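Number of protein chains: 2
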Amino acid sequence: MFEAKDIREKAKLVRKWCMVSTTEAGSGHPTSCLSAADLTTVLFDRYFTYDLKQPLNIYNDRFVLSKGHAAPLLYTLFGMAGAYPLEDIKSLRKLGSKFEGHPTPRFEYAEAATGSLGQGLSVGAGLALLGKREGLPFKTFVLTGDGELAEGQVWEAANFAAHEKLDNLVAILDINRLAQSQETMFGHHIDEYVNRFRAFDFEVIAIDGHNYEEIDHALQLATSNTNGKPYAIVAKTEKGKGVSFIENKDGWHGKALKKEELDKALAELAPINDNLRFELKKPAKVQLTEKIKGPASVDLSFEKDKEYATREVFGEALVKLAAGNKNIYAIDGDVMNSTFTEDLKKAYPEHFVEGYIAEQNMVSVAAGLSRLGKIPFVATFAAFLTRAADQIRMARVSEANIKFIGSHVGVSIGEDGPSQMGLEDISLFGTVPGTIVLQPCDAISTAALLPKMVEHNGFAYMRTLRSKTPLLYKKEDRFEIGGSSILRQSANDLLTVAATGITVFEALKAADELQKENISIRVVDIYSIHPIDKDTLVKCLQETQQKIIITVEDHFEHGGMGDFALSALASTQGQVVKMAVTKISQSGTKDELLNDAGINASHIVKRVKELMQNKNKKM
Amino acid sequence: MFEAKDIREKAKLVRKWCMVSTTEAGSGHPTSCLSAADLTTVLFDRYFTYDLKQPLNIYNDRFVLSKGHAAPLLYTLFGMAGAYPLEDIKSLRKLGSKFEGHPTPRFEYAEAATGSLGQGLSVGAGLALLGKREGLPFKTFVLTGDGELAEGQVWEAANFAAHEKLDNLVAILDINRLAQSQETMFGHHIDEYVNRFRAFDFEVIAIDGHNYEEIDHALQLATSNTNGKPYAIVAKTEKGKGVSFIENKDGWHGKALKKEELDKALAELAPINDNLRFELKKPAKVQLTEKIKGPASVDLSFEKDKEYATREVFGEALVKLAAGNKNIYAIDGDVMNSTFTEDLKKAYPEHFVEGYIAEQNMVSVAAGLSRLGKIPFVATFAAFLTRAADQIRMARVSEANIKFIGSHVGVSIGEDGPSQMGLEDISLFGTVPGTIVLQPCDAISTAALLPKMVEHNGFAYMRTLRSKTPLLYKKEDRFEIGGSSILRQSANDLLTVAATGITVFEALKAADELQKENISIRVVDIYSIHPIDKDTLVKCLQETQQKIIITVEDHFEHGGMGDFALSALASTQGQVVKMAVTKISQSGTKDELLNDAGINASHIVKRVKELMQNKNKKM
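Residue numbers (UniProt numbering), protein chains in the order written: chain A, 1 to 619; chain B, 1 to 619.
Keep in mind that the hints were calculated from the coordinates and are not lab data. A quick note: this is a predicted structure, and the numbers were derived from the prediction, not measured. Treat the hints loosely; a few may be bogus.
[Said to hold, decoys possible] Across the chosen pairs, the derived CB separations fall in these ranges:
| id | chain 1 | residue 1 | chain 2 | residue 2 | range |
| --- | --- | --- | --- | --- | --- |
| 1 | B | Pro137 | A | Asn211 | 29 to 39 Å |
| 2 | B | Ser602 | A | Gly434 | 20 to 30 Å |
| 3 | B | Glu290 | A | Asn211 | 36 to 46 Å |
| 4 | B | Asp191 | A | Gly434 | 43 to 53 Å |
Beta carbons: idealized from backbone N, C-alpha and C, even for Gly.
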């Protein structure tokens, strides 16, 4: 039975703890919690189905707090559900506490780390998509603020959710009018939101977000909706609702109440019944996503004298991986015929997700898939992965297990010009702590490294090449994360050229050129950029005459492979000389542009000779 | 007089050159040009007002090609307008040609580099905003594809344009149904687009994009519109229109016609009158944005014993800069009270732009402002600048003159937790070629460096701190891009600690600690991270006993200041030891988190002692 009075009492207790915890912390966003307290109290009290003992039970409903600054509300809701004593929340924002300023995986009930706004609807869409694909009955609720609806990603997510007919997804929009620095673009004109979500093919209802009957009615409709449309509950609310002196007032964003203000606020709410709790509905079953290891390798054969583009090999290998591991998904950004995720679409359409041209949503959807144990591959042009740099950052904070594939790297893509060239991607992924960065240069190493990416639990990134390259390796060769491969060596090598991807072939050509003049150089294929094979590089320094390593890469000079080499060798005697792209490139043929960028065989030859002369001069 | 027959003949010539140029290049996107040939022929023939001799005349209309892959269409249109012989376009996609695969500034009529989709409407909004702010009569036309409307940035731009009442902005949507890999989300259901733009408060008209009367009517309405709403012309078109065997066909995205296919296509179009040209209307006046240098310094006074947050100083200095240079603008992402751009809003509201929570649009709007000679400051939390990494990348290809300010950097922000910490920003901006990266640690150096950023023509980035710091410098001290400042030195320094931003104070504390044990270290403030002061660092290596530089920064370890130091010193005898953040941080106090990250004074002391012992062991 629905009793507004009971709900009101519970909402008062929710309000209390949002304020108590932030006052205790001395910072936080209590007013942003209070505007959504009524909405979420009804949700948790009457609709939310959840097994507190098993946050990853795939029969649980999902609650994504997109407005991450309302973290104290999230913590209070689960505390009120009995997950831990409410008193625990007093450790909010303190070192080591799972109750962080914005939700992170330290809080086991957070579906994703949030706090960079406008990402929650995409994460929710990823979760809801899984429900649809796997025929699971759970609902996904996403609570968003209004300020964050200005983020384009929200509309990418809205398009995606409607296109995928996610009628198991409920967006609850907390339209409290006030953003951080001023009123939002639309203030309390909630029609602006209603019209937008309706135009984006959502089922929409507008309500007073503090009227319990209206909230309950909306949630009833939303949770029983089966018309193929995602649901948006547009709730007109007031920031700081329930406490007169902060309610709907300017200047109260991100401010905790002082002790005496808190006392005044609690007095307004009194009497508060501290014993009230939510009794969550239990899901019918308990089941986790089955953990699947491997496959340890993919069985692909390549013809000795044929050339292959590593991006094509990725496509073929992905099919083999998915054959051996049903948790593997791929998500594409309308370039499946360039990245070759189309192979997976053909073989296992149920594991392929078309994200269209919306890279931000693509990454956060993948974070949603990962949350429930899937292993998503996110693939597009390397240049366009930069579009999702913030989502990548946040997915890493979420500890998502995503595999990224960036194709069309470097100036070597040729005629399309600088807008299509991935030249920042090693830097982007290399900066994210603990991310594996790989760049195989031939078909065999590509096929061998992809299963290693899957084996690694966490972020892994592979650069793939647009152009075809000859086979350098044999089927029996072994490749490891953190490994490298010495391709040329002799007892009297002058120095070492460490190359990666397309420049490996330039380094080999340079070695051949130099050999004609009886200059031997060592050539190493740095297929694992991070971690980089320090031991081999140290050995190369020690075993070559000049104790020099030239790094050559089709990437901008800062943040690339050369910097990983420099860092690894910082305490070793010897010198690292970086060759990389130092300017904005242009249109031209692959060979012209490698030359224009100063990273082709002839430039390597030139640099080797310069270094030789310098050294001789010094001697 | 409007004669459809004349227009048709001109459109045939446009079509011819889109195909001839791409066939000559052997690659490109002719079908994506053909769908928009009719729309743009009417535009250029009858509406576009432009002075070919002065692309930067602020009375010119503006044409932004958001669908950058239709570059041959852009080149043909300006060729047909008489800017150069059409034959020149045969150099399309060739090394050194200004006719690149996607538009770049080599082509002087391109308003921005495009090719990463969904950015053109924002650039156009920036241009149109300037028209509004400065009372200029020009119109801005943006041609978008349909696939790119899935990019969230388009909807950020739409919100922004409507909110700013940009009725001088006309979006022409080329709805040709087919994207790269397959049909778009909505195919030819143009109501989906009509509804969306209408909901986003645009004036909208839907037309047949191959019917000249309808196109003309729509452009007439759009260009005479004064109702405060931006205009969207939703044009149903066919990819490859005009040539039967490619028209509306799958599999023709991004493919040039073979020679024999081209002959067949031209035969279909025959007869073609090669003498037809557009006669552009000339703008009434010629005027460029006045170039203003400086001001060379800002006059701010600080009290000796007070502490200041560098972000606050930025706000104050910005007002002084704008007082001396009317080209300065600032654009904010709903954090003006955190970044302190609110100071500019108060002092010069006409130079302040509120971008709300939509960082991608913010950066591309700035690129638009920069195109016409303005100097925009883009300011938000450093963490949220990553949201616009792709727009930053493209604005750099556009050679935009943007100043970026990222506040709340590093773990030192404290309780808000990892989602709000800028720890990738040095890497992000450092990777972009030619970008200045600065991080002053006190009020005086901040105020001194800001005019230098303005003086520098091109990208410059400054990190600002959340917390207050004491004054380290005196008013008469000088600061240069590429400079540094030695804060502690003696004749018998053991080694050098090079710090930046908040860690400068940790390094000084460490030096004081060590001095108690009679260990002298040199401390350098690396306020200019890129370029880094190599000469000073080399000198430090030479003058210290251990020839070691420890770099300490509140940034992730890869791609940060340490890597700039390593690169600069790669050929110098000595060792660089990096101290930086190596893991995802958490909530806590500033001091707890600096300690947890291993970059505070006590960790510096520890590291110095370890290095001392290592060296002693080796001796």
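Quick rundown of the hints versus the structure:
For the pair B:Pro137 and A:Asn211, the beta carbons lie near 50 Å from each other, so the given range of 29 to 39 Å is not met. Checking the proposed 20 to 30 Å range against B:Ser602 and A:Gly434 shows it holds: the Cβ atoms sit about 25 Å from each other. The hinted range of 36 to 46 Å is not satisfied by B:Glu290 and A:Asn211, whose Cβ atoms lie roughly 57 Å apart. A hinted range of 43 to 53 Å for the beta carbons of B:Asp191 and A:Gly434 is consistent with their spacing of about 47 Å.
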